[in-house]
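There are 2 protein chains.
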Amino acid sequence: MAKEKKVEQITDMEQDFAQWYTDICRKAELVEYASVKGFTILRPYGYAIWENMQRILDGEFKKTGHQNVAMPVLIPESLLKKEGELVNGFAPEVAWVTMGGSEELEERLAFRPTSETMFCDHWSRVLHSYRELPMLYNQWCSVIRWEKTTRPFLRSREFWWQEGHTLHETAEEAMAETEQQLNCYADFYEKVLAIPVVRGRKTDKEKFAGAEATYTVECMMKDHKALQGGTSHYFGDKFSRAYDVTFAGRDNKLQYPFQTSWGATTRMIGAVIMAHGDNNGLVLPPQIAPIQLVVVPVAQHKPGVIEGAMALRDRLAAAGYRVSIDTSDNSMGWKCAQYEMKGVPLRVEMGPRDMENGQCVMVRRDNGEKTFVALSELEQKAGELLQAVHDGLYEKARVNLAEHIYPAFSIEEAKALQEEHGGFIKTMWCGEEACELAMKEKAGMSSRCIPFQQEHLADTCACCGKPAKHMVIWGVAY
Amino acid sequence: MAKEKKVEQITDMEQDFAQWYTDICRKAELVEYASVKGFTILRPYGYAIWENMQRILDGEFKKTGHQNVAMPVLIPESLLKKEGELVNGFAPEVAWVTMGGSEELEERLAFRPTSETMFCDHWSRVLHSYRELPMLYNQWCSVIRWEKTTRPFLRSREFWWQEGHTLHETAEEAMAETEQQLNCYADFYEKVLAIPVVRGRKTDKEKFAGAEATYTVECMMKDHKALQGGTSHYFGDKFSRAYDVTFAGRDNKLQYPFQTSWGATTRMIGAVIMAHGDNNGLVLPPQIAPIQLVVVPVAQHKPGVIEGAMALRDRLAAAGYRVSIDTSDNSMGWKCAQYEMKGVPLRVEMGPRDMENGQCVMVRRDNGEKTFVALSELEQKAGELLQAVHDGLYEKARVNLAEHIYPAFSIEEAKALQEEHGGFIKTMWCGEEACELAMKEKAGMSSRCIPFQQEHLADTCACCGKPAKHMVIWGVAY
Numbered sequence: 007m008a009k010e011k012k013v014e015q016i017t018d019m020e021q022d023f024a025q026w027y028t029d030i031c032r033k034a035e036l037v038e039y040a041s042v043k044g045f046t047i048l049r050p051y052g053y054a055i056w057e058n059m060q061r062i063l064d065g066e067f068k069k070t071g072h073q074n075v076a077m078p079v080l081i082p083e084s085l086l087k088k089e090g091e092l093v094n095g096f097a098p099e100v101a102w103v104t105m106g107g108s109e110e111l112e113e114r115l116a117f118r119p120t121s122e123t124m125f126c127d128h129w130s131r132v133l134h135s136y137r138e139l140p141m142l143y144n145q146w147c148s149v150i151r152w153e154k155t156t157r158p159f160l161r162s163r164e165f166w167w168q169e170g171h172t173l174h175e176t177a178e179e180a181m182a183e184t185e186q187q188l189n190c191y192a193d194f195y196e197k198v199l200a201i202p203v204v205r206g207r208k209t210d211k212e213k214f215a216g217a218e219a220t221y222t223v224e225c226m227m228k229d230h231k232a233l234q235g236g237t238s239h240y241f242g243d244k245f246s247r248a249y250d251v252t253f254a255g256r257d258n259k260l261q262y263p264f265q266t267s268w269g270a271t272t273r274m275i276g277a278v279i280m281a282h283g284d285n286n287g288l289v290l291p292p293q294i295a296p297i298q299l300v301v302v303p304v305a306q307h308k309p310g311v312i313e314g315a316m317a318l319r320d321r322l323a324a325a326g327y328r329v330s331i332d333t334s335d336n337s338m339g340w341k342c343a344q345y346e347m348k349g350v351p352l353r354v355e356m357g358p359r360d361m362e363n364g365q366c367v368m369v370r371r372d373n374g375e376k377t378f379v380a381l382s383e384l385e386q387k388a389g390e391l392l393q394a395v396h397d398g399l400y401e402k403a404r405v406n407l408a409e410h411i412y413p414a415f416s417i418e419e420a421k422a423l424q425e426e427h428g429g430f431i432k433t434m435w436c437g438e439e440a441c442e443l444a445m446k447e448k449a450g451m452s453s454r455c456i457p458f459q460q461e462h463l464a465d466t467c468a469c470c471g472k473p474a475k476h477m478v479i480w481g482v483a484y
Numbered sequence: 007m008a009k010e011k012k013v014e015q016i017t018d019m020e021q022d023f024a025q026w027y028t029d030i031c032r033k034a035e036l037v038e039y040a041s042v043k044g045f046t047i048l049r050p051y052g053y054a055i056w057e058n059m060q061r062i063l064d065g066e067f068k069k070t071g072h073q074n075v076a077m078p079v080l081i082p083e084s085l086l087k088k089e090g091e092l093v094n095g096f097a098p099e100v101a102w103v104t105m106g107g108s109e110e111l112e113e114r115l116a117f118r119p120t121s122e123t124m125f126c127d128h129w130s131r132v133l134h135s136y137r138e139l140p141m142l143y144n145q146w147c148s149v150i151r152w153e154k155t156t157r158p159f160l161r162s163r164e165f166w167w168q169e170g171h172t173l174h175e176t177a178e179e180a181m182a183e184t185e186q187q188l189n190c191y192a193d194f195y196e197k198v199l200a201i202p203v204v205r206g207r208k209t210d211k212e213k214f215a216g217a218e219a220t221y222t223v224e225c226m227m228k229d230h231k232a233l234q235g236g237t238s239h240y241f242g243d244k245f246s247r248a249y250d251v252t253f254a255g256r257d258n259k260l261q262y263p264f265q266t267s268w269g270a271t272t273r274m275i276g277a278v279i280m281a282h283g284d285n286n287g288l289v290l291p292p293q294i295a296p297i298q299l300v301v302v303p304v305a306q307h308k309p310g311v312i313e314g315a316m317a318l319r320d321r322l323a324a325a326g327y328r329v330s331i332d333t334s335d336n337s338m339g340w341k342c343a344q345y346e347m348k349g350v351p352l353r354v355e356m357g358p359r360d361m362e363n364g365q366c367v368m369v370r371r372d373n374g375e376k377t378f379v380a381l382s383e384l385e386q387k388a389g390e391l392l393q394a395v396h397d398g399l400y401e402k403a404r405v406n407l408a409e410h411i412y413p414a415f416s417i418e419e420a421k422a423l424q425e426e427h428g429g430f431i432k433t434m435w436c437g438e439e440a441c442e443l444a445m446k447e448k449a450g451m452s453s454r455c456i457p458f459q460q461e462h463l464a465d466t467c468a469c470c471g472k473p474a475k476h477m478v479i480w481g482v483a484y
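Chains as they are written, first to last, in this note's numbering: chain A, 7 to 484; chain B, 7 to 484.
Don't take every hint at face value.
No copy is singled out in the list; a pair is fine if it fits within one copy or between any two copies.
[Said to hold, decoys possible] With a cut-off of at most 25 Å between alpha-carbon atoms, the simulated SDA-like pairs for lysine to any residue come out as follows:
1. 33 x 131
2. 211 x 189
3. 68 x 147
4. 387 x 306
5. 69 x 326
6. 421 x 179
No wet-lab data here; the hints were simulated from the structure.
Predicted, not measured: the structure shown is a model, and the values here were computed from it.
Okay, chain A solo, but in the shape it has when bound (with noise of 0.2 Å):
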C-alpha cells in the first residue's frame, strides 16, 4: 500500500486572491518556475490545456483560409526601427542577442516581441500582384517581452501565443479582416472558455504601437478585475509603406496594400483559472479540458468493481471523449480532491451496488450535483452533463459581469463604485486623453474599451463636462 499522499491546501481567493491564483497555477502542475527570472515552464497538464485552445482555435482560422507559417525569432535592429511608432512601443522590452558563437555580431538582433516587421520584410520580397491578395498567414510562436513584474500566464517575460497578419487589396477587407478575427475571439471566449466578454475599440492611448485601431474583447475575472483577452488591429498601410510592400494593381499601377495583425496568448489560460476557478482549485470549461471525465471506482477491492470501471472508461474513451481512470491505492478522498483540484468537469463514480443496478454516479465539478446515470444511456448523458457543465459556468461568469458593470457620471462617483464594488464602470467620454489620464490618477482605473454596444447614459464627459462622444468602460486589469 502506498503512504496516503496529503491532499495539498490552497489559499482561500477571498482571503488573498493573488495567492489563491498563484496556489493553483503550482497545485494543479500547470506551470513551474524556471530558474531564469521572470520565465516559466508550462508543465504537461498545462500545457494540455494550450494544446486544446491551440487546435480548437487554429481550426477556426483555417476555415477562414489562414495559413500557418513560420518567421524567424530574432529581427536585425534596422529592420525592427524602421517603423517609429512600434519600436518606440517596444523598445524597452526587447531582449537583444549580440553574440553568435564567439563572435560579436556588427548589428545586434531582437528577440521577437511580435513580428509585424518580419512580415512586412517578408512580403517585401515576395509579393507582386493583386492577385496573390489576400495574404492570410499566422504563426503559432514564444515571444519575449523584458517585463519587470511577472506573473504566471499573466505577465511573463517569455510567452506563447498566435500572431496572425494579413495583408489585403483594400482598406475595406482589411478591416473586415479586423473584425472578423475580434469576433473569432469572441466567440472562443464565450462558446469554448464559456467566458462572456465585451467587445470593443481601444482608446488610442490604449491602441496597440502603429496601429490605427485596436479592437479588443474584455472579461471580468472572479475578483472583478478586467483581464484584456485578445487584440485585433487595423494598420491602413502604415507598415506597407514603411517597409516598401507594394503590388501591381487591377489597373496595373503600384499600390500600398492594407494591413492588420491579431493576436491571443497563453494568458488565456489565467483568464480561465480567474473566471471559474474556486477554493478547491481549477476548473476547467469541459472543450479545452484535458481530462473531461474521470472515472474513480468506489471499494475498487470488491471483485469486478475494477473491471466494470475500465469497461466504462472504454466506452466513453469510445465515444471520443478525453477520459481517464484511477485505479491507484490512494483513497477515495484524497482522489476527489485531486480531481477537483485539476478542474476535471466530471467524475464518474461507480461502485458495486452501482453496478447491480446498472448505472453510475456522474459528479460535476462546478456546482457538485450528482447525475445517477444508466449504464445504457451513457455516452449521452455524458456528452449532456458535459454541455451543463459548460452552461452552468457560462451562466455564473455571465451573471459576474452583469452584475459587476455601474455607470457613472463623474470621476468621483466612478472611484467610489470601483472601490466598493471594483467590476467595470461605464462614463461617458469626450475622447481626449487627459480624461483617461485624469481617470487614471484619480480613480487608479484604465479605459478597458469603447465597447460596439454603445450606451446613451449622458451628453456630457464624465471626467470634464465637455460634450461626449462615446461611452467608455473603465476598469482595474491584469
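Could you slot chain B onto chain A? The hints should help.
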C-alpha cells in the same frame, strides 16, 4: 483573361544537384531566405508539410505515453555549463542574449541549442519519488545553432524540431526508451515519408555531446549522399548527477534517474526533397502532402465541367482526402507543371467526354501513370492510387539504397568506390578513432553508423588491419 504565367524552370539534378535542390525549395514555395543571414522563413506550403509531419509524429509520441511541455528558450550560461561535454559540443554555436530592454544582463543567456539542461534543472525541483517515473516529455520549438554555412532545411541557424526528454528509474528502461524512439523515427521514415533507413549506433566520435550512446537512422539521397534522419540518445545518469536530479527509490534511498533525449527536425523536409524529387520538382509522399489530390477540369469553359469538377472535389473532401481544385484561367499546361512542381501526388482530370463516360483520369506524380477511374469507384480508387504512389516512392528509394551500398576492404578501395559510385561504403572497423580520422582524411567520408544488422565482411579493420570489432557504414553526409 489573365496573362499566361511562365512555367518556371528548375536546374536538372544531373547537371547541378545542389542548385536543383535550392530551386525546388524556392520554386515550390517551401522556404524563403530571411533578411537575417543564415535564417529562413517557412512559407505556407512548406509549413503545411511540417504540420503534417508534426501531427503524425506527435500522435505516435502520445500513443507511447509522452506529454508535451514548453521550456524557456533562454538558458543561463552557468546552467548550460554544468555538464562539461554538452557545453563543449555546443558552445561555439550558441547565440547569446546579453541585454534585456536597456539593461546589460548580469549573466548572459543562451538561446537554447538543445534543452537537456533546462529539463534537468526542472526535474531537479519537481521529482521526488520513483512513483513519478518515468517522466516522458517532449517539446516542439525552434533552436538556434550559429552555423557558418547554411542551406534551407539542411543547415540553418534557426530550425524547428521536437526534442523528447525522458527520465527513468533504471538504465534498462532508459535504454528501451532510446531504442523505442529510434524505431519510431525509422517507422516514420519508412511508412510515412517512404524513405528506407539504416538503423544503427553512432561511433563515439560522432555521438551527441554528453551522450553515452547515440542511435541514428541514416537515409540515402538521390545523389547517393547520406542524410542523418533522426537521433536518439542514452545519457545514463551523467546529467542527473551533474544537475543533481534525484528521487527516493523503492528502497527509500536517494537515487539518480537515467535519461534519454531524441530529436527530429525540419531537415526531414530536405530529406523528402532529395529522396523523391525529380526534374519537374517536388514529389511528396501522400501522408504528408498538404494537397493529396488536385482536381483540374479539362475544357472548363464547356457547360457543366466546372460543376462536375466541384462535385468530384466535394466527394473526395467528404471522404477525408486533402483535395484542392484549380478553376483559374491559367492554361492546362501551366496548371500541370505547377502541381508537378509542388509535388501533389495525384492530379485528377475530368473533361466533357469523361463526364459523359462517368469517369475521370487520375495521374500519378511519381511515375506519370494515368488511370481511368469510374466515378462510382472514385473514393476507393483515390485511396488505392495514393497508396500506390507511396509504395512506388518507397520502392524506388529502396532500390537506390540497395544498389548503392558497397563493401570495401581498404581505405583505397573505399575511396575509389565512393568516387566512382557515391553511396554507402561498408567496411570492418577496429573501433579506434584514428581509423575514422584516416577514412575522413584519405577518403573524405565520415562514419554514418554501426548498423544494428551486422555482417561479417572480414576479420580485420579495413583501415589499420587490426582485428575488427564492427562493420561500419561510411558516407559523405549532408
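Structure-based check of all given hints:
no. : hint      : verdict
1   : 33 x 131  : between (49 Å within a copy, 14 Å between copies)
2   : 211 x 189 : within (22 Å within a copy, 56 Å between copies)
3   : 68 x 147  : both (17 Å within a copy, 21 Å between copies)
4   : 387 x 306 : within (23 Å within a copy, 51 Å between copies)
5   : 69 x 326  : both (22 Å within a copy, 15 Å between copies)
6   : 421 x 179 : neither (41 Å within a copy, 62 Å between copies)
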